[in-house]
Every structure is written in structure tokens, then in C-alpha cells.
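J.: The residues making up each chain are set out below.
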Amino acid sequence: MITFLKQYFTDIYEAIVSLLKGMKLTGYYFTHHKEIITQEYPENRATLNLPERFRGEVVMPHDENNEHACTGCSACELACPNGTIKILNKFEVNAEGKKKKAIDTFVYHLELCTMCNLCIVACPTDAIKMAQTFEHSVFDRSLLTKKLNQPNSKLREGIE
Amino acid sequence: MDFKDIFFYLIAIYILGTGIMAVSTRKIFRASIWLLFSLIGIAAFYFWLNLEFLAAVQVAVYVGGIVVLIIFSIFLTQKTGNQMAKTGTQQTIFAALASLLGFALTAYLVYQHHFGSNQTQELDASIENIGTQMLNPGDGGFLLPFEAVSMLLLSALIGCIVIAMKIKKEETA
Amino acid sequence: MISLENISASIHQLLSANLSQTAVILIEMSIIALLAITLFALLGLILVFMERKVSAWIQIRLGPNRVGPKGIFQTTADTIKLALKEGFVPDGADKFLYKLAPFVVMIIAMMLLAPIAFAKNFAMWDLNIGVFFITAISSVSVIGILMAGWASNNQYSLLGAMRSGAQIISYEISAGMAILTIIVLTGSLQISEIVNSQSNGWWLFKGHIPAVIAFVIYIIAVTAETNRAPFDMAEAESELTGGFHTEYSGMRFALFFLAEYINIFIVCAVGATLFLGGWMPFHIGAWEGFNHIMDFIPSSVWFLGKTFFLIFVIMWFRWTFPRLRIDQLLNLEWKYLLPISLFNLLFMTLIAIKGWHF
Numbered sequence: 000m001i002t003f004l005k006q007y008f009t010d011i012y013e014a015i016v017s018l019l020k021g022m023k024l025t026g027y028y029f030t031h032h033k034e035i036i037t038q039e040y041p042e043n044r045a046t047l048n049l050p051e052r053f054r055g056e057v058v059m060p061h062d063e064n065n066e067h068a069c070t071g072c073s074a075c076e077l078a079c080p081n082g083t084i085k086i087l088n089k090f091e092v093n094a095e096g097k098k099k100k101a102i103d104t105f106v107y108h109l110e111l112c113t114m115c116n117l118c119i120v121a122c123p124t125d126a127i128k129m130a131q132t133f134e135h136s137v138f139d140r141s142l143l144t145k146k147l148n149q150p151n152s153k154l155r156e157g158i159e
Numbered sequence: 000m001d002f003k004d005i006f007f008y009l010i011a012i013y014i015l016g017t018g019i020m021a022v023s024t025r026k027i028f029r030a031s032i033w034l035l036f037s038l039i040g041i042a043a044f045y046f047w048l049n050l051e052f053l054a055a056v057q058v059a060v061y062v063g064g065i066v067v068l069i070i071f072s073i074f075l076t077q078k079t080g081n082q083m084a085k086t087g088t089q090q091t092i093f094a095a096l097a098s099l100l101g102f103a104l105t106a107y108l109v110y111q112h113h114f115g116s117n118q119t120q121e122l123d124a125s126i127e128n129i130g131t132q133m134l135n136p137g138d139g140g141f142l143l144p145f146e147a148v149s150m151l152l153l154s155a156l157i158g159c160i161v162i163a164m165k166i167k168k169e170e171t172a
Numbered sequence: 000m001i002s003l004e005n006i007s008a009s010i011h012q013l014l015s016a017n018l019s020q021t022a023v024i025l026i027e028m029s030i031i032a033l034l035a036i037t038l039f040a041l042l043g044l045i046l047v048f049m050e051r052k053v054s055a056w057i058q059i060r061l062g063p064n065r066v067g068p069k070g071i072f073q074t075t076a077d078t079i080k081l082a083l084k085e086g087f088v089p090d091g092a093d094k095f096l097y098k099l100a101p102f103v104v105m106i107i108a109m110m111l112l113a114p115i116a117f118a119k120n121f122a123m124w125d126l127n128i129g130v131f132f133i134t135a136i137s138s139v140s141v142i143g144i145l146m147a148g149w150a151s152n153n154q155y156s157l158l159g160a161m162r163s164g165a166q167i168i169s170y171e172i173s174a175g176m177a178i179l180t181i182i183v184l185t186g187s188l189q190i191s192e193i194v195n196s197q198s199n200g201w202w203l204f205k206g207h208i209p210a211v212i213a214f215v216i217y218i219i220a221v222t223a224e225t226n227r228a229p230f231d232m233a234e235a236e237s238e239l240t241g242g243f244h245t246e247y248s249g250m251r252f253a254l255f256f257l258a259e260y261i262n263i264f265i266v267c268a269v270g271a272t273l274f275l276g277g278w279m280p281f282h283i284g285a286w287e288g289f290n291h292i293m294d295f296i297p298s299s300v301w302f303l304g305k306t307f308f309l310i311f312v313i314m315w316f317r318w319t320f321p322r323l324r325i326d327q328l329l330n331l332e333w334k335y336l337l338p339i340s341l342f343n344l345l346f347m348t349l350i351a352i353k354g355w356h357f
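Protein chains in written order, with numbering that gives the first Met the number 0: chain A, 0 to 159; chain B, 0 to 172; chain C, 0 to 357.
These are computed hints drawn from the structure, not numbers from a lab. For glycine and all other residues, C-beta sits at the position ideal for the given N, C-alpha and C. Hints should not be assumed to be uniformly reliable.
[Claimed, not checked] Distance windows between CB atoms, simulated: (1) Ala76/C with Ser136/A: 23 to 31 Å; (2) His291/C with Ile160/B: 38 to 46 Å; (3) Asp4/B with Pro321/C: 55 to 63 Å; (4) His112/B with Leu13/C: 41 to 49 Å.
With these hints in hand, go ahead and build the complete structure from the sequences.
T.: Printed below as a string of C-alpha cells:
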């Protein structure tokens with residue numbers, strides 16, 4: 000009987016303490032408006048504050064010499080769960096007269112992409128990355144099929 | 000006929016109308032709702048008599064308690080959407096006879112009774128007076144019936160617990 | 000000094016100088032009805048907006064901010080939208096009861112408003128049994144919900160209505176016990192006398208620990224009685240899609256929605272009257288200057304301030320705590336709240352008899 004009563008009142012005490020703990024947290028949020036994370040998007044386009052891990056679309060960075068790091072190994076194409084990436088390869092003859100594989104077109108279907116990040120993880124040479132652009136609306140679906148490598152771009156030296 | 004009389008007849012018509020609807024409808028859930036309205040009418044009648052406490056008790060016990068219990072038992076037992084079977088001729092005749100007899104008896108009693116024309120003594124229906132009368136053991140007090148009713152309720156409660164209680168069977172190895 | 004009491008008295012004088020008694024009563028009743036409906040509409044708009052802002056701030060969001068400055072016309076826009084929507088009656092529903100149910104819920108909410116004292120000497124009907132009247136009438140509101148649930152001809156609605164019925168009936172007991180605990184101290188059920196008995200301090204402070212326990216129990220019980228989270232099993236969107244008002248749309252749904260908020264207002268007003276002194280200003284012992292400043296604030300402001308504080312507390316509950324399961328809910332009532340409030344009532348009676356309270 001004593002143990003039952005003790006248990007009974009401990010239960011009540013613990014319940015009240017844990018409820019008050021919850022109310023303290025929500026009360027803190029209620030009174031501290033600087034914690035608000037909502038962004039009033041169209042108005043604050045200039046000062047938009049996107050989180051670091053936000054994923055908008057896949058891009059392929061090019062340096063000032065119009066060179067990229069993609070070797071055309073198709074690891075990303077294999078990693079993609081829904082066939083967003085299609086790599087068309089070509090063979091280039093380099094200065095020494097040897098044939099070498101290079102990409103012709105890196106096709107990226109933005110309309111199929113779920114931003115799962117698997118291609119970026121799979122890339123051995125860090126040739127592609129996620130950009131933070133997100134205003135993707137267009138009037139024609141075909142505009143969403145993108146070619147990621149720029150015209151006349153080359154593979155950067157020293158990347159195999 | 001002044002304002003108060005008009006209200007009396009309005010309430011009376013309301014009570015009778017909803018009462019007739021309650022017994023004549025063939026959907027059981029609707030019958031309980033009409034009964035509820037009829038009981039609310041009786042509470043309104045108590046308000047008309049300035050017996051606020053009685054009116055509130057009428058609402059709390061009959062409307063909020065008993066009709067809710069009736070509705071719950073209807074929900075749990077009946078196919079509530081269906082219309083009930085029509086009553087037979089024999090049953091209708093006997094029901095009409097019984098209600099006529101009851102009405103005749105009441106009317107007879109009312110006409111026999113000589114109502115005093117000057118009811119000078121004001122009825123003190125305030126909650127304080129009711130409370131003191133209820134717990135008064137002396138003359139004009141109602142302590143004994145009050146306690147007897149509470150014993151009745153207690154035994155009903157204990158009965159409920161006994162029915163609902165799970166008796167643990169002795170564990171046999 | 001302009002006060003609600005003076006305004007109502009001068010209107011009464013003006014009318015009775017020119018008209019017969021019956022006409023005065025009729026005109027005053029229609030004025031009161033008009034005011035009550037206006038109050039309902041305003042309360043609906045304000046409380047829904049308040050709920051949305053409170054929930055947003057608690058969840059680190061901004062809340063409505065597009066319609067009007069800071070979004071204050073959002074609820075008006077919502078009301079217009081609901082008014083323009085088609086009032087749909089499902090096939091196989093009991094049409095009469097289906098259409099009647101929202102009005103039953105609404106009328107009961109309106110009746111509860113009668114004995115509440117909004118300011119000093121300003122109540123519609125300060126009747127002898129004030130608080131008991133409120134408890135009795137509010138027990139009827141479950142009928143409206145049961146009616147709506149059954150008439151919709153929908154399993155979700157029926158289940159929600161049954162849950163709501165069980166919940167309201169069981170939590171009414173501990174709410175009543177908590178009210179009784181204060182009635183023991185005041186010795187009267189009349190709202191004006193309850194408020195007057197707190198002229199030298201609120202019962203929450205004067206009544207020692209039992210008053211505080213009763214206050215907590217009252218708040219928990221009325222949260223359950225108004226079917227609000229964490230006790231909103233009757234609506235439980237995730238299990239019952241919407242409970243008893245699943246099939247309702249348009250203005251009929253709006254009436255249910257409005258009645259919920261009106262009920263919150265009323266239970267908070269009763270809580271403020273019983274525990275926080277109604278329209279009585281806040282006084283501290285012998286601080287004459289402080290007390291004088293407090294007296295300067297109008298009594299209606301005190302009443303509304305206390306009521307809205309309690310409403311805020313209930314909203315705070317809703318957006319903090321997760322929903323209970325139905326068996327947990329009934330456990331809480333029958334194994335915890337009811338025994339505690341019974342012992343609490345006994346203890347308070349002892350205090351009242353011995354005169355230990357202030």
C-alpha cells in the first residue's frame with residue numbers, strides 16, 4: 000500500500016515536471032521571435048538565407064579555362080535511382096596521338112531529379128555538385144533537360 | 000392574458016408537441032432527441048416558475064445525464080438508421096386507452112382539488128434554503144431521505160464495480 | 000466616469016421613461032441578443048486569429064501574415080470563404096438532425112454566456128445559481144455532438160461523437176469538483192457574490208494549496224471538456240479524419256468551429272471568475288498607491304485580460320503536448336483527477352470550516 004502510494008505520487012510529480020519542461024521550451028519559442036525560421040520568400044529574395052545543405056539542382060563547375068573535372072566514368076549515371084543522368088561519351092585524340100575517353104554531353108533531366116544527392120556522393124572526381132538555385136519553373140518541359148558541360152569544355156589536366 | 004400567460008401556453012404547447020413527436024416517430028434516435036427537447040421544455044417551465052435550481056437540476060440530470068445514457072445505449076445496441084416496425088392495432092388501442100385513463104384520472108383530481116385563491120406565502124427556492132432543508136435533521140428537514148438516496152446510489156456504484164471488475168483466476172501450475 | 004454599468008443603466012432609464020414595461024423588456028432583450036451575436040462573431044474572429052498566431056510563434060513560424068497588416072484580416076477572409084461554400088448534406092444522412100446539430104451546439108454556447116459578469120454590475124442574468132447553471136447547460140452540449148455524429152451516417156463521425164461523449168461526461172465530474180472547491184469558500188453560487196467575496200484577494204492566493212490544486216484540475220478538465228488538444232480524441236485528424244464534423248462543410252462547419260472557441264471563452268471566463276477574481280483588480284496588501292493605480296484600470300479590461308490569459312494557457316497546452324490515447328485519457332480522469340479532487344474538496348471544506356483561509 001505504501002509503495003503504491005509512493006509510486007502514485009512520484010508518477011504525478013514526474014508527469015507535472017515533464018509537462019512543465021515542455022511548456023518551458025514552447026514558452027521560450029513563443030517569447031523569442033528571433034528564433035523564427037520562416038522566410039517571407041518573394042519579398043526577401045535579395046537577402047535570402049538558404050541553409051547550407053539545401054539542394055536545388057545538379058551543376059558541373061567549370062574553371063576559368065572552361066575546364067571541368069568529369070572523366071565520363073558514368074558512376075553518377077549508375078548511382079541515380081531514377082535515370083536522371085545520361086552521359087554520352089566520345090573519344091578524343093590527344094597530343095600524343097592516343098585515343099582518350101571524354102564526355103560529349105552530360106545530360107541532366109531536372110524534371111526527374113529528386114535531389115537525393117547520390118550522384119554527388121558517387122562521383123570520384125567531385126566534378127558535379129548541388130547548386131542552391133530553386134526557381135526552376137519554365138513554360139516548356141523540354142527546357143528542364145539540361146546539358147551540364149559547357150560547349151568546347153575540356154577535362155582538366157591531371158584528372159584521371 | 001398578460002405576458003407571463005402567453006409564455007406559459009407557448010411552453011406547454013412546446014412540451015406537448017415534442018412529447019407527441021417522441022412517441023410517434025419511428026426512428027429510435029429521433030425519438031430520444033424529441034424526448035430531450037421535451038425535457039428541456041420542462042426545465043423551461045421551472046424557469047418560468049422562478050425555480051432556477053430545480054430547472055438546472057432537470058437539465059443536468061435528465062438532459063445531460065439520462066438522455067445521453069439513452070443515446071449511448073441506442074448507439075451500442077440498435078441499427079439506428081432503420082425505421083422501427085409499425086405498432087399493431089391492438090397495441091395502439093390499448094396505448095390510447097391507457098393514456099386516456101391517465102388523462103381522465105389527472106383531470107378528475109385537478110378538478111376535485113380546491114386551489115386556494117390567495118397564495119400569500121412566497122416560496123423560498125434559493126439555493127441556501129434548499130441546502131439547509133436538505134441537511135436538516137429536525138422538523139421539515141430532509142436529511143433521512145437524502146441519506147437513504149445516497150445509500151441507494153452507493154450500492155449502485157458498488158454493483159457497477161463488481162460487474163466491471165476482473166476477478167483474477169488462481170494461477171494453476 | 001464612463002463604464003459599462005453606467006451605459007446600461009442610462010439606456011434602461013431612457014427606455015423606461017418613454018415606453019411601457021413590456022416594450023422595455025422586449026427592446027432590451029433584442030439589444031442583448033444583438034450584442035451577444037456581435038460578441039460571438041468578434042470572439043470567433045479574434046480567437047481563431049490568436050490561436051493561429053500563438054501556434055505559429057510556438058512552432059517558430061510567422062503565422063498568417065498576408066491578409067491585412069500582420070495578417071489580422073485572415074480570419075475575416077476565412078469566414079467569407081466558409082460563407083460562400085456549399086453546405087453539403089451527405090447521402091443517407093438524417094437531414095433534419097444533420098441540419099439541427101450545429102445550431103444546438105451554438106445555442107447552448109449562447110446560453111452559457113448569460114450569467115457571466117463582464118464588468119462591475121454588468122451581466123445579462125445574474126441568477127441565484129450562476130455557476131451551477133453553467134455546469135448544467137454545458138452538459139447538454141454533448142447532445143449536439145452526438146446528434147452531429149449520428150446524423151452524418153459516417154463511421155468516423157459516430158466514433159468521434161461517442162469518444163467525445165465519454166470524454167465530456169467523465170471530465171465534467173472533476174471540473175464540477177474543482178468548481179465546488181471554490182464554492183465551499185464563497186458560500187454562494189451567484190457570480191456577483193463570488194466576485195465580491197474576492198475583493199480582498201483572489202481565491203487562487205487566498206485558498207492556500209487546495210485552491211491551486213483545484214485551479215490546475217479545473218484547467219485540465221475544461222481543456223478536455225472543450226475537446227481541445229491534448230484531449231481532442233473527438234476530432235483526432237490522424238485517426239478519425241475530423242470526428243463528428245467530418246461531413247460538415249461551409250457555414251455549418253463554421254458554426255461548430257465557432258462554438259468550440261466560444262466554449263473555450265466561457266470556461267476561461269468561469270475560471271477567471273472563480274479563481275482570479277473576475278473583474279476585481281489586482282491588489283497587494285497595504286500598497287495604497289499600487290492598489291489605486293490598479294483600480295483605475297476599468298473592470299471590463301481586468302475581466303477580459305484574465306480570461307484571455309487563461310485562453311492563452313489553454314492554447315499553450317494545445318501546441319505543446321501530444322494527444323493522449325483514449326484509455327490514457329480515461330485513466331487520467333478516473334485514477335488521478337477524480338480521487339485527487341475529492342480529497343482536495345474535503346481538505347478545502349476543513350479549511351473553510353476552521354476559517355484558515357484569508
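J.: Indicate, hint by hint, whether the structure satisfies it.
T.: Comparing the hints with the structure gives:
Checking the proposed 23 to 31 Å range against Ala76/C and Ser136/A shows it holds: the Cβ atoms sit about 26 Å from each other. Against the hinted window of 38 to 46 Å, the Cβ-Cβ separation of His291/C and Ile160/B comes to about 57 Å, which falls outside the hint. At roughly 57 Å, the beta-carbon separation of Asp4/B and Pro321/C lies within the given 55 to 63 Å, and the hint holds. Evaluation of the 41 to 49 Å hint for His112/B and Leu13/C yields a pass: the beta carbon distance comes to about 47 Å.
Consistency note: the structure conflicts with earlier hint 2 alone.
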